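**Q** Sequence:
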Amino acid sequence: MKVEALYIIKNNGFGEAISEWAEGKQIDVIPTKQKNNDLSVLVDAVVIFHENHNFSKEDGLTHNSLLNKNIAIHKVDINGTLAATNSNFNLWLERNQPKKLLIIGEKGIAQNMNLSKFLAGIEG
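So the sequence shown is numbered by numbering that gives the first Met the number 0: it starts at 0 and just counts up by one.
Hint data in this document are derived by calculation from the structure and do not stem from the laboratory. Here the structure is a predicted model, which is why all the values come from computation and not from measurement. Careful, some of the hints might be misleading.
[To be verified] Dumping the calculated DMTMM-like pairs for lysine to aspartate or glutamate here, alpha-carbon to alpha-carbon at most 25 Å: (1) Lys9 / Glu50; (2) Lys32 / Glu105; (3) Lys1 / Asp27; (4) Lys99 / Asp43; (5) Lys56 / Asp37; (6) Lys34 / Glu122; (7) Lys9 / Glu22; (8) Lys24 / Asp76; (9) Lys106 / Glu3; (10) Lys32 / Asp76; (11) Lys99 / Glu50; (12) Lys116 / Glu22; (13) Lys1 / Glu15; (14) Lys74 / Asp43; (15) Lys34 / Glu19; (16) Lys99 / Glu57; (17) Lys34 / Asp58; (18) Lys56 / Glu93; (19) Lys99 / Glu19; (20) Lys68 / Glu19; (21) Lys34 / Asp76; (22) Lys68 / Asp58; (23) Lys74 / Glu22; (24) Lys9 / Asp37; (25) Lys68 / Glu22; (26) Lys106 / Glu57; (27) Lys34 / Glu57; (28) Lys98 / Glu122; (29) Lys56 / Asp76; (30) Lys116 / Asp37; (31) Lys9 / Asp58; (32) Lys1 / Glu122; (33) Lys9 / Glu19; (34) Lys56 / Glu3; (35) Lys56 / Glu122; (36) Lys106 / Glu19; (37) Lys24 / Glu93.
Start from the sequences, fold in the hints, and give me the full structure.
**A** If you want it as structure tokens, here you go:
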């Protein structure tokens, strides 16, 4: 993964899990607030993690706001088929080549046993 910086939401268990993973990858992690108007200035792309297509209200609003500003968006169903989910994500990263990536998801996803397996399958 050739991302220069990961943006995560402050005070969010999911963001903290992503931050811990990114430390081993030597990727800068920048905490931010989930203010939809400001995010399009900060990031090139966003990845929204979810379980079985259940999104928080905040994540849904963020999705809509960034979609309207032509920011690349990828959704990861952490309960989906792991091989296909990883393959799709790696292809998306290769195709979009984001440098500043926002990663969001509900705090409960941090406890999902598939998260660490998914993160281990990210190339680069």
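**Q** None of the hints should be skipped; say for each whether it holds.
**A** Evaluated hints:
1. Lys9 / Glu50: holds, 21 Å
2. Lys32 / Glu105: holds, 14 Å
3. Lys1 / Asp27: holds, 11 Å
4. Lys99 / Asp43: At roughly 5 Å apart (the allowed maximum being 25 Å), Asp43 and Lys99 satisfy the hint.
5. Lys56 / Asp37: Distance ~18 Å between Lys56 and Asp37 Cα, so the pair holds.
6. Lys34 / Glu122: With Cα atoms ~30 Å apart, Lys34 and Glu122 exceed 25 Å; violated.
7. Lys9 / Glu22: holds, 16 Å
8. Lys24 / Asp76: With Cα atoms ~22 Å apart, Lys24 and Asp76 stay inside 25 Å; holds.
9. Lys106 / Glu3: Given that 25 Å is the threshold and the Cα spacing comes to 24 Å, the pair holds.
10. Lys32 / Asp76: holds, 23 Å
11. Lys99 / Glu50: With a Cα-Cα distance of about 24 Å, the restraint between Lys99 and Glu50 holds, given a limit of 25 Å.
12. Lys116 / Glu22: Holds, at about 17 Å.
13. Lys1 / Glu15: holds, 20 Å
14. Lys74 / Asp43: holds, 15 Å
15. Lys34 / Glu19: holds, 23 Å
16. Lys99 / Glu57: Holds. Lys99 to Glu57 sits at ~20 Å (cutoff 25 Å).
17. Lys34 / Asp58: Measuring from Cα to Cα gives roughly 11 Å; hence the hint holds.
18. Lys56 / Glu93: The given pair, whose Cα atoms are some 29 Å apart, is violated under the 25 Å limit.
19. Lys99 / Glu19: holds, 17 Å
20. Lys68 / Glu19: Violated, because 30 Å separates the two Cα atoms, which is more than 25 Å.
21. Lys34 / Asp76: Holds - the C-alpha atoms of Asp76 and Lys34 are around 23 Å apart, at most 25 Å.
22. Lys68 / Asp58: Satisfied, since the Cα-Cα distance of roughly 15 Å is no more than 25 Å.
23. Lys74 / Glu22: The given pair, whose Cα atoms are some 23 Å apart, holds under the 25 Å limit.
24. Lys9 / Asp37: holds, 14 Å
25. Lys68 / Glu22: Violated. Lys68 to Glu22 sits at ~30 Å, over the 25 Å cutoff.
26. Lys106 / Glu57: Measuring from Cα to Cα gives roughly 12 Å; hence the hint holds.
27. Lys34 / Glu57: holds, 9 Å
28. Lys98 / Glu122: holds, 15 Å
29. Lys56 / Asp76: Holds, because 16 Å separates the two Cα atoms, which is no more than 25 Å.
30. Lys116 / Asp37: violated, 31 Å
31. Lys9 / Asp58: holds, 14 Å
32. Lys1 / Glu122: holds, 9 Å
33. Lys9 / Glu19: holds, 14 Å
34. Lys56 / Glu3: Violated: Lys56 and Glu3 sit about 28 Å apart, past 25 Å.
35. Lys56 / Glu122: Judged against 25 Å, a Cα distance of about 30 Å means the pair is violated.
36. Lys106 / Glu19: Given that 25 Å is the threshold and the Cα spacing comes to 14 Å, the pair holds.
37. Lys24 / Glu93: Status holds; Cα separation ~17 Å.
Consistency note: the structure conflicts with the earlier hints numbered 6, 18, 20, 25, 30, 34 and 35.
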